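J.: Take the given structure of chain C and dock chain H to it, following the hints.
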Amino acid sequence: MEWETVIGLEIHAQLNTKSKIFSAASTQYGKKPNSQACVVDLGLPGVLPVLNVEAVNKAIKFGVAINAHINQRNVFDRKNYFYPDLPKGYQISQMDWPIVGEGKIEITLDNQTKIVGITRAHLEEDAGKSIHDMFDDNTAIDLNRAGIPLLEIVSEPDMRSAKEAVVYAKKIHTLVQYIDICDGNMQEGSFRCDANVSIRPKGQKELGTRAELKNINSFKFLERAINLEVGRQQDILEEGGKIVQETRLYDSMKHETRSMRSKEEANDYRYFPDPDLLPVEISDELLEKIRQTLPELPAQKKERFVAELGLGDYDADVLTSQKPLADYFEAMLEYHTGNAKLCANWVMGELSASLNKYQIDIQNSPITAQALSLLISRIGDDTISGKAAKDVFKAMWNSEDSADKIIQAKGLKQMTDMGEIEAIVEQVIANNAPQVVQFKSGNDKILGFLVGQIMKLTAGKANPKQVNELLRKKLS
Amino acid sequence: MHTKTIVKLAQNLKDKDFSCVELTQHYLNRINQSDLNAFITVADELALAQAQVADDKISLGNVSILTGIPYAHKDIFCTKGVKTSAGSKMLDTFISPYDATISQKLNQADLVMLGKTNMDEFAMGSSNENSFYGAVKNPWNHLKIPGGSSGGSAASVAGGLSCFATGTDTGGSIRQPASLCGITGLKPTYGRISRYGMIAYASSLDQAGPMTKTAQDAAIVLNVMAGFDEKDSTSAEQKVPDYTTNLNDSIKGLIIGLPKEFFSSGLDDEVASNIMAAVKEFEVMGAIVKEVSLPNSAYAIPAYYIVAPCECSSNLSRLDGVRYGYRTKDAKNLEDLYLRSRSEGFGEEVKRRIMIGAYALSAGYYDAYYLKAQKVRHLISDDFKKVFEQVDVIMGPVSPTTAFDLGSVKDPVSMYLADIYTLSANLAGLPAMSIPAGFVQNLPVGLQLIGNYWSESKLLNIAHQFQLQTDWHSKTPQEC
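Those sequence lines, one after another, are chains C and H.
Under my numbering, the first residue of the first sequence carries the number 5, and numbering increases by one thereafter.
Under my numbering, the first residue of the second sequence carries the number 241, and numbering increases by one thereafter.
Because the hints were derived from the structure by calculation, they are not lab data.
Note that the structure is predicted; figures quoted are calculated from it, not measured.
For each residue, glycine too, the CB sits at the ideal point set by N, CA and C.
Be a bit skeptical, because a hint or two may be false.
Straight-line C-alpha distance at most 27 Å; calculated DSS-like pairs for lysine-lysine [unchecked claim]:
no. : chain 1 : residue 1 : chain 2 : residue 2
1   : C       : LYS36     : C       : LYS118
2   : H       : LYS471    : C       : LYS133
3   : C       : LYS83     : H       : LYS615
4   : C       : LYS83     : H       : LYS591
Quick list of simulated restraints, FRET-style, between CB atoms [unchecked claim]:
no. : chain 1 : residue 1 : chain 2 : residue 2 : range
5   : H       : LYS572    : C       : VAL248    : 23 to 31 Å
6   : H       : LYS625    : C       : MET138    : 27 to 35 Å
7   : H       : PRO542    : C       : LEU291    : 49 to 57 Å
Same shape as in the complex, but just chain H:
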């Protein structure tokens, strides 16, 4: 039952093929037996209690499609009464006294939260190796990374440890692990989903989204996650459509843009041929393919690695050892308290980005770095704007390679290159997806779809149509 989609499980629960408690127990057993290290916290008791509530509602016939579906929640979302660590020693002892808006919405939908998933510390990383709780293994090959930062969520869905998971994407943190683990991941338009209660990495880029087995499941979950939140001033007062309505629309005549910059050197040949084969499939389905150009995408990495560190250097200042979280022992004075709490509480990559950000925001450097990077963001957005005058959707690879070996990339800058194709969508605030599109040496390859603002329905429709024609998304690793 752990390979089933939301749609199938909902039918099973409704038909009483098994109870929600049985289903939840099954997942909990799998989690406890798993050595993927996908979870930081397993919420056994809470999950079973929620399952019981769901069973009661099901027996009364008072259900939605998500009632009783067990999911895994990225440990970046605050969950009342449950540890919320963001993968950091800094918050190892932090039990949130409040629920993130997303957590609240998922609770209200009568979902069952199995636990909180492992992640790169404060969402900084592309391999999930930057977690205080240790690396996560890729379910397709335990020697490989699952991608990051939502690596635990991706591994959990791919490894059959949850039906779906939540993720967050600041520079590719939903799409890249979804790609490397062979699942479907959607980063919506910036502002589509409330950020309230989602521990901030880079506020102007962070966006939550669903990580699922199929595009149809993603549409169902997005229906619950999306919407304006008065607690988040950057969430949009944009109407939330039913994302499942247009899934079956024909994509005949769809115009696909392939940015030449996404197929340049650095892209693995076999990954490239899988992507081209997927594009071919779309052509067979009646789509038209055009080559387009995003000339400023080359500056996405430098712009991102200014904006994100600047924002994080400020966002993480509240973690000072004063009110909650890690505090060093026997501080001599206030400065010593700050210095040692933060030096001991944060991991290397987090400290690196805080340092870069604090430097770039310093007096005399602000214009040269932060302001310049913001200007580059505008240029990147303008590139997309022009392209979307000619095409309906942009396609390309999510990641230049398939999952690499755990421990193999030691140089931070090489690691940053893993996000080369995903960063632009965050900088421009556009919605983007990763969908399974093939395998290279038994490791999944993800196809990236980037849409215009608020075109989530269209992206899900395109992805769903592809999944009706292909079965990459239904392949499962051996352990499933």
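For reference, chain C alone in the conformation it holds in the complex:
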């Protein structure tokens, strides 16, 4: 039987506010356990939450960026369940009245464009962390993460393959960084994906029973986990079995998913409006103000790169696909107003290759945008050849030195003294009489040999184009 995969994603994006969503504690990552948990985060008796307006503003920013409906009156609810890293015994979240309502995202895969519906996006607080491997018999609890604002972005079950799911997730990942509401760091858990996966016979309308996959912390794992789950479900159904609605944990080490809890075991969260918080009222003015402050979005940036910089569709797409990449490229243009296409080639070519090879994020590139743009300027002004530039790039990667310093040190500067080049050209003509005769009798190919001789004598520092022209002139 032919099966169709149906996927919906729940993305948790930590909002990059300075303080937590309901307390004044800092949200900084990687601090000493429990050093950033104040009395409110600890859930002491008597403490009360106070909403961080910045978190609301960032959620609105997301909503307007995807042209979603904003619920100008939205409500915080309590989601009740017991867990040691949930200090109050409930998570403050939004149930019936999320801040962001329906919206949509356009994705492109293999030149096919499709729309993925966003069901909603709501604000909630993150839980703390349970650490099971710190002490032999005890679980340790770190509440530094407790209360960090999260925007949970829920999609419609509109994706039909693991690849589509990844494209969608990357699209959201790019967007939240563009609009500066989330740092997008997946290793640190700032951006997390849960996938709801089901399959159904091709052509069938109603959805199959789904499993929710959790603990996915990279796009690579997202694709793997979904494909694994699709395979598991197919095996069950083809053997006449039934899918159980459950939550499954993805284990990237063992490359397997295993059941966490079934629907029957699921908590009854006993949602009700949090009486400690007033409903959030968003004025038309605030909405408009945030709309005005929205930065250029990926699609707009891509259009501009094509229209104003003359980049090709593909290049513009790649350069805008990640905010840090686009930032780097645009920073280069600030220093190097000349050839955008040349800059694009270098960023997507040499730089990306090296970054990939050494697994370095572009934000941490050993060669800054300014340094790279200087190098490219030296190609543009004919100081060095493109080939020599690649050597300079390698040297820059491994040292702090500027392109100019390296060019100088390695003596890579092209010869610009026409008289000197001319002398060498004449010397080569004189020393290679038989080849000159061949050329003059119509063997055009022999010119390459002569150029090669000249380049050898100039140690490669002459401009081949200039040499070529000069040689032809002398021989004509």
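T.: Chain H only, in chain C's frame:
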């Protein structure tokens, strides 16, 4: 000196008739000799240190009317460095690392905190018998309950163990014990006083307030307690007037509404006649009395006993034995830790309300219970709204009876009926008071005043005028 009001003690302290340390020591001695069980914690050392600071300020002439006045703080308010138990085994070992906003304000006013008063566990109860620390006795008759949940606070003021006390009122917990102990108690409008640091029972109903000897004292204390707090999103950004300014306004022409529902069956005849006599007194003072109706008040009890348990079932979830408070010994696993810590740490009534609340919030029941109860709240509020278009204040009994015998009411539902006249004000968020209005067999009767939103000044004015004409509030039990 322990029968004196804030106003009188402030004069004595200013005139140096006695020092604040002497006054504090006097109260501490009385507390230590008392068998009312009004206090869970007596803060001797802290109180004497605060008294010394007050004396120093008094000698410099740098004083307010509250400087050095010894008071008792309900054990539901977090007090930094002092045990804060909420009357529960669950928090028997809990020393709060922070101050409630109220505690902070009272400290800043240079008051002297004598200790933390006994209360029904997590403010759930109407008799103060639901305390891990044992029942409190009514100073007027040691065989009677003092009312609850602020029973320790009421007994402390009535029994001459503190000049005034703080209380909290979720369904009548200030007014009912004030009534049964013969003192003045005010529950302000919801949002008037910060709830930050006040251990939550039912967040949408809880409101702190003063428990004092007189309305004038209540106005003085409210001046310090009231105000917006950025740490409490439900506190109101409403200007705080000087509540003492209008105390002496004439109440001639005041229109009093008597809701017929507050005088129906279940109300003790003698209590009723005391209430009517008090109303008569107001008529003599020039007030006009009207009969009014609050048709939905009959649903106050069922609505309250859905809303409050729902909220408390969630509010008390943080007491899980993980981070602080009571933890069972030798838990086998996480579930066992939760189950036994909570089963052993909470008392019966608290567990009952958690169970009711968790049930009512369950999937499939939410609409039928919680949502319905919220709708009833709106109806009750609307009733009041209509009535306040015709009258300035509503009067009636606080409690259907005077204080009953300790141990006599065993059925929880019968106990819930003790709050029949007080719940509506909480559900609607209105300010309400209890003032002494007579005695039945040497047990105090309280008159309830319910005002419109933010009308605390008016209520205090009405109560003060009554207290100028009567002396019920200055009667003291034998032990004083």
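J.: For the range 49 to 57 Å, tell me whether the beta carbons of PRO542 (chain H) and LEU291 (chain C) fit it or not.
T.: About 41 Å separates the Cβ atoms of PRO542 (chain H) and LEU291 (chain C), which means 49 to 57 Å is violated.
J.: Kindly confirm whether 23 to 31 Å is satisfied by the beta carbon distance between LYS572 (chain H) and VAL248 (chain C).
T.: For VAL248 (chain C) against LYS572 (chain H), whose Cβ atoms are near 28 Å apart, the range 23 to 31 Å holds.
J.: Is the Cα-Cα distance between LYS83 (chain C) and LYS615 (chain H) 27 Å or less?
T.: holds, 22 Å
J.: Can the suggested window of 27 to 35 Å be confirmed for the beta-carbon pair LYS625 (chain H) and MET138 (chain C)?
T.: violated, 58 Å
J.: Holds or violated: LYS83 (chain C) and LYS591 (chain H), Cα atoms, limit 27 Å.
T.: Cα-Cα ~20 Å, so holds.
J.: Has the given pair, LYS471 (chain H) with LYS133 (chain C), been kept, meaning a C-alpha gap of at most 27 Å?
T.: The hint holds at about 26 Å.
J.: Against the 27 Å threshold, does the CA-CA distance of LYS36 (chain C) and LYS118 (chain C) hold or violate the hint?
T.: This hinted pair is violated, its Cα atoms lying about 45 Å apart.
Checked against the numbered hints listed earlier, the structure breaks hints 1, 6, 7; every other hint is satisfied.
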